[in-house]
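Using the hints, position chain B with the ligands against chain D.
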Amino acid sequence: MIRINCPFCGFRDHSEFTYGGDASIVFPDLDASSEAWIDAVFHRDNIDGVQRETWHHVHGCRMWVVVTRDTVTHEISAVEPAHQGIKLVLEAMTGLSSSDEDQQP
Amino acid sequence: MKRYSAWNVFRNGLSDQKKWDRVWRDPDPKKSYDVVIIGGGLHGLATAYYLAKNHGIKKVAVLEKGWLGGGNAGRNTTIVRSNYMMPDNRRFYEHSLKLWENLSHDLNFNVMFSQRSHVSLFHSPAARDAAARRYNTMRVMNSDGELWDLNRLKREVPHLNYGPDARFPILGAAVQPRAGTARHDAVAWGYARAADSYGVDILQNCEATGVTRAGNQVVSIETSRGLISTKKLGFAVAGNTSRLWRIAGLGRLPIESHKLQAFVSEPLKPLLDQVLAFGVGGAHFYISQSDKGGMVFGGDIDWYKSYAQRGNLPIVQDVAECAMSILPCLGRVRLLRHWAGIMDMSMDGSPFICKTPLSNLYLNAGWNYGGFKASPASGWFFADLIANDQPDPIIANYDLDRFSRGYNIDERGAGPDPKLHG
Ligand SMILES: Cc1cc2nc3c(=O)[nH]c(=O)nc-3n(C[C@H](O)[C@H](O)[C@H](O)COP(=O)(O)OP(=O)(O)OC[C@H]3O[C@@H](n4cnc5c(N)ncnc54)[C@H](O)[C@@H]3O)c2cc1C
Ligand SMILES: [Zn+2]
Chain D
23 MIRINCPFCG
33 FRDHSEFTYG
43 GDASIVFPDL
53 DASSEAWIDA
63 VFHRDNIDGV
73 QRETWHHVHG
83 CRMWVVVTRD
93 TVTHEISAVE
103 PAHQGIKLVL
113 EAMTGLSSSD
123 EDQQP
Chain B
8 MKRYSAWNVF
18 RNGLSDQKKW
28 DRVWRDPDPK
38 KSYDVVIIGG
48 GLHGLATAYY
58 LAKNHGIKKV
68 AVLEKGWLGG
78 GNAGRNTTIV
88 RSNYMMPDNR
98 RFYEHSLKLW
108 ENLSHDLNFN
118 VMFSQRSHVS
128 LFHSPAARDA
138 AARRYNTMRV
148 MNSDGELWDL
158 NRLKREVPHL
168 NYGPDARFPI
178 LGAAVQPRAG
188 TARHDAVAWG
198 YARAADSYGV
208 DILQNCEATG
218 VTRAGNQVVS
228 IETSRGLIST
238 KKLGFAVAGN
248 TSRLWRIAGL
258 GRLPIESHKL
268 QAFVSEPLKP
278 LLDQVLAFGV
288 GGAHFYISQS
298 DKGGMVFGGD
308 IDWYKSYAQR
318 GNLPIVQDVA
328 ECAMSILPCL
338 GRVRLLRHWA
348 GIMDMSMDGS
358 PFICKTPLSN
368 LYLNAGWNYG
378 GFKASPASGW
388 FFADLIANDQ
398 PDPIIANYDL
408 DRFSRGYNID
418 ERGAGPDPKL
428 HG
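Chains as they are written, first to last, in this note's numbering: chain D, 23 to 127; chain B, 8 to 429.
Pulled out of the complex, with its shape left as it was, chain D reads as follows (with noise of 0.2 Å):
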């Protein structure tokens, strides 16, 4: 089982979550060209080993999370709210970045 530390609710087990895919996609402009789009929908860097990846928290507070994840070992090494304003938020309040609690208890 792979426990992700949810930045809002804290450890939890992966199948809380559902796994959404690589976040390192950027989908371009709506009018960029369309081999640029193809890019982004189709193609994949499909990495074997650390990647970042979005996940949601279904099964708890439904928030979406940037995780940091080696696919070959399965460690994390970092969680992060996805959204960028709520991040900002959190880090403001707690002091931390998210990435410097990432150790398993």
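Among the hints, a few may not be true.
[Unchecked claim] Here are some, though not all, of the chain D residues that point toward chain B, as calculated from beta-carbon distances under 7 Å:
(1) Ser37
(2) Arg66
(3) Asp67
(4) Asp70
Derived by calculation from the structure, the hints in this document are not laboratory data.
Glycine included, each C-beta is placed from N, C-alpha and C at the ideal position.
What follows is chain B with the ligands alone, placed relative to chain D:
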């Protein structure tokens, strides 16, 4: 190669069966080949066999980083069927099923292909209509399909949960009688032995670590057993495709690697004569009984991307729940083993057998969890593509550019999300 026959078994019996030849040679790599295939799974081995047999190209090597059949070839649940809907897949998988029907004879190796029927349950009138449509499509294309009502199903598969307490009451099943199972190891060994008999070098413990290019041409391959040069190169490495693609300096692919688990129980007396599939309301489960009596079954992938060949526990629970809801008689049966393999999940759930940006490099990948049944046709058409440098019309849409043409071969209609295809 000494042919296997009743006569030869008898004759070798006179010397205690001790005078058989090695089944395939264990050669050292040559300096150069006409064709090198990376990946000693079913697709790579079948490709080498058909290159030699159909096209007379025999200076061929298959490079395998581990041992033959150590990848998905030896990890799958061995279901063979051709009940696909999309035209490209219909033609391709039907061709594959026809090759399966004669494979043991063709290879002179018993692959234990057993056409025991694939029985796919439905649980609502809407699902029955969808099944009827699919099976009519198959019959129009001269394949086989049947719809079984509840009476017939109860007669054929008596142990299912037909009770009133079933969460999803069973209404009937869509059946492909020519579908079934085969012995996966035997398929790998049979192809390896037959390819070897044509002079193909099967190089185990030989990992490809680099691809040397001159412009847009491959010149040679760096391997753990030295540099090997080749006129043509084929990739058939399933879940490792993106790694190799990067090694060749080619960037990104419409593929993600996910893992799929499989399970086998302790051996039981004959219980289930068919391959059974159960899929409704988020459940996904398929099961058959091996000749040794073990119940062989599986479900969904592990849901998150992974290169680890080991499965997670929530899926074990999911699969066990499916088993209990459809075959409650398995409740006290013990699991013997369970394992996982890395799947090359593609963006539309369909494969690639195609040319690449490099002029003499060819790609075979994107098999999702359906690549066992595909192995004969995959090798057949990949060999043809490599030999003739152009795709047969049947695989013309299995190319990397189909997405830019707006052409998706999406059986499930799930969209460009690899984890949703099956
Ligand atoms: C649990 C499970 C259940 C499945 N069930 C079914 C089923 O019921 N029906 C069905 O049709 N399909 C099924 N499949 C899918 C099927 O097994 C695969 O699609 C198919 O085996 C893939 O093709 P292959 O045999 O060539 O792959 P593999 O056997 O994985 O072959 C690829 C080989 O390439 C080698 N390799 C990788 N990188 C390198 C390198 N750099 N150098 C040298 N060698 C390298 C690997 O070691 C490996 O042996 C299942 C898969 C799994 C994992
Ligand atoms: Zn949460």
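Hints breached by this structure: Hint check: nothing fails, all pass.
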